[in-house]
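Residues per chain, in single letters:
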Amino acid sequence: MNVPLSAYLAEIKQPLKRLVEILAKDFPYVSILSTDSTGMRYSVRKRAIDARQSDWCERGSVIRVFDGRRYLEYSFNELDPESLNEIEPLAGTIRERFRRSSAVGGQLPFGVPELPQISEQPLSETWQGTVEMLPESVPAEQIIGRLSRIKDRAFGLSEHLVEIEVRFEHMRVSKMFVSPKRELEQSYIWAQGYLIPVLRRGETIREMFASYSGLKGTELIEEMEAGLEETMNTGVQLLDAERIEPGEYEVILSPKMAGLLAHESFGHGVEMDMFVKGRAKAAEYLGKAVASPLVSLRDGARAAEHTGSYWFDDEGAPGGDTLVIEEGIFKTGISDLLSAQRLGTPPTGNGKRESFERKAYARMTNTFFAGGTDTLEDMVASIRNGYLLEQFISGMEDPKNWGIQGQVLYARKIRDGKLTGKLVSPLLMFGYVPEVLGAISMVSREVQRFGSGMCGKGYKEYVKNSAGGPYIKTKMRLG
Amino acid sequence: MIQQLQQLLSSIPDIDAWRITERRIQGQEMFFVRRDVDMQRSKDVRRTFLTVYRDFQEDGKKYRGSVAVQIHPSYSSEDIRALIEQSLDSARYVRNQHYPLVEPGPKVAEMPRSSLASRSLEEWLGPLAQTIYAQEDCEEARINSAELFLNRIDTRIVNSLGLDLSYPSYSGYVELIVEEDGKGEAGGVELYREMSFSEFELELLAAEVRDQLRYCGDRAVAGSTPHLKRFPVLLTGDPVPDFFEYYLTQSEAQSVYSGISTANVGESIQGEGIAGDRLTLTLEPFLKNSPASAPVDVDGFALKRTQIIDEGRLERYWGPLRFCHYLGVPPTGTIGNVAVTPGSKSLEELRRGPHLEVVYFSDFVTEPLTGDFGGEIRLAYYTDPNGKRRPVTGGSVSGNVRDVQSQMYLSRETRSRARFQGPLSVLLPEISVSGAAST
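Each protein sequence line maps, in turn, to chains Z and A. The opening residue of the first sequence carries number 913 in my numbering; numbering runs sequentially from there. The opening residue of the second sequence carries number 43 in my numbering; numbering runs sequentially from there.
Any given hint might turn out to be false.
Unchecked claim - Pairs of lysine-lysine residues, derived as PhoX-like cross-links and limited to a Cα-Cα distance of at most 25 Å, are as follows:
1) K1334/Z <-> K271/A
2) K1093/Z <-> K925/Z
3) K1372/Z <-> K330/A
4) K1243/Z <-> K1189/Z
Hints are computed from structural coordinates only; laboratory data are not their basis.
Extracted from the complex, chain Z is given alone in its bound form (with noise of 0.2 Å):
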């Protein structure tokens, strides 16, 4: 069924034209950004219960003006349909805001560059998602009962676990975009789900974590329920998983771990924010090999059907499909409309804000590498001693200097082409991304996307994304 657009939306939608009408007599440019996104978070433990709503949850404006040198923005939600029926006392305050702003900046002894000014084509669109059944017109006391059960499942499943989280997430995002040029409208749904058991032996605690993700309703705890077992087994197994000997080894990187690849390395490495800065260090690559010819990787909002999809970004600009890496060439980064304007690029529906009172920045979607033609059997049976990485706890980036950092909880023991059955955990996979890259030399044929949890820009403006590949055999330092 089609996801419905926000009602609140389509209320302020008159008001909001009218209010860039009379604000656009005084700035050369105007747009504004509403949010109205609302969902649930459900998580039960062994001996407590959680309902509340989603941190994901937002609903305000934010507008965004050109002054003829640079752009200045205002965030704001206390705006009630009423209000807005009084629209030029509210474009009084908002210019009064923006002339002190500008005289603020101006006063500083601090350059105020001549931005380019941002020039849109016409466009209306309005986009729905689909889902199997609405997230929100199903009872919580259905979704806690069903993770309830999971839960009581997992006690039974072994002797070990002392603590086990079952979440489950959903989210409606409804967003509304216009400026003199564009009313764009979009509603879409997603969800994440975890399974968190902690299991004890002895002195020894391991903490095991899988996710599910998808532009899904609830049917999302059945994948939940079917990987039960699995998550179990697997943290059974850790307790007594052993310390790597730190060194450089053949590895194969799960689908996963392929995307935190993806995306560590050749997506926040291609966030072209950081060419405007002198960032990134790939910029110096373009048109040149920075992989292995079997890499081809890919971004975009409408590259793949997944968490980090939507129809236009947090600028009002159409989502994308990029070929960053074709066959082992780095093709073009990915980009916000402000540094697309500076840069001379054309923007690639990448401006993502961490909600309606935050800045946008050039942020991936959805990240993966393109499918090979090889077997993980094959990839097995190609290492003599080395290790399939499985799960990431964490990664970070390091545009400049092109390293790659991944938190890893687990990975399983080649040795002589075959899997030991052994585990070791924690670990951290790091290297040089084009070494790292360029050293791919098997590649699988299926690719799985992965979107939960969130990616930050540094430390802080956390969005939705989504990354994956398929398996990819390659070499790393672990330690």
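Model the placement of chain A on the given structure of chain Z, informed by the hints.
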């Protein structure tokens, strides 16, 4: 909004209790690329959170279900009523052991006045930016970009038992990127730093920026970290607060209630046979210059200075009223700042002998449940067996808090940085150091 909510709540039957937390946030933001103002932003938002509680009994046991929702300022009365009624219905299935809400009590401590309160936020942007950029007058490195955020936050907490508290606070944040363009073999490097504050401490801010520029210059000429296998590691600066996260989780009431922590009050939380410094850890509601300082926690519980660990011995569990009630221990509330008592040795003493002093990781992580810690090295100083000290980069360190805690030494020198006051450095006995393959 609060008054409207209170009226609505009083007209809806079946609500056994409720709590409203409202924050009005007024913010000013300025974004720089090199020395140019790239964008200015401001915001004025109100965030109102409502938790409704519903009590019920099953098999003679009392339960308290709750659902927490955000009430947006643009919601109509009908929207709010529908949301409350739906939340109340859902709360019936949130089967939690009963617990009390915070009762109104004696006057809570006053929030110390921030120096940022003396001017408007807009007026602080200039001095803040000028202080940061004034430090650029050095040869080592320069500022690539900076993002400045200043917020004034007015918080009010009201509950159905008559609690009604409010306090102002300030939160400042700077993201600073410094760079060096090609002095060393790496052909240009950068370092990332975030700084959080709640006061305008000119000297402190200037010193942080100068350190950052100096570190970046050192990273530019750093060699590869040697493969040291097992080696003494001195953590300095930013990684230190993260290292102590393990002890916070182990002593937290919720961890004990859920069974993931087995720490016992009155026993050593630092293991047996402690040969190094003994850990003393205190939670501080008011830490100067910390945006986490507050007179009350999110429940409205009045906070006071509370010692959790004394000389390695767990004194008490800490946590919100609910989980302390479950454990039958006195509540402390959720206190946002941590103070660790400095150690027995000076930094000079800790630096004697071969060691690796890590000042920058790509991302240092301590897993608070297991105690595993580690990270990739962005900048460290290697002191070899001949006593020669040189900057290195790449490679990683890893270990487990439980394996090193009996032999760790904390520096006498201290550092105060957002949410943490304590030793500048922690010396860990031999832990795993993997060398860099390349830079």
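A quick look at each hint next to the structure:
| no. | hint | verdict |
| --- | --- | --- |
| 1 | K1334/Z <-> K271/A | 23 Å, holds |
| 2 | K1093/Z <-> K925/Z | 14 Å, holds |
| 3 | K1372/Z <-> K330/A | 23 Å, holds |
| 4 | K1243/Z <-> K1189/Z | 20 Å, holds |
In terms of the numbered hints stated before, the structure departs from none.
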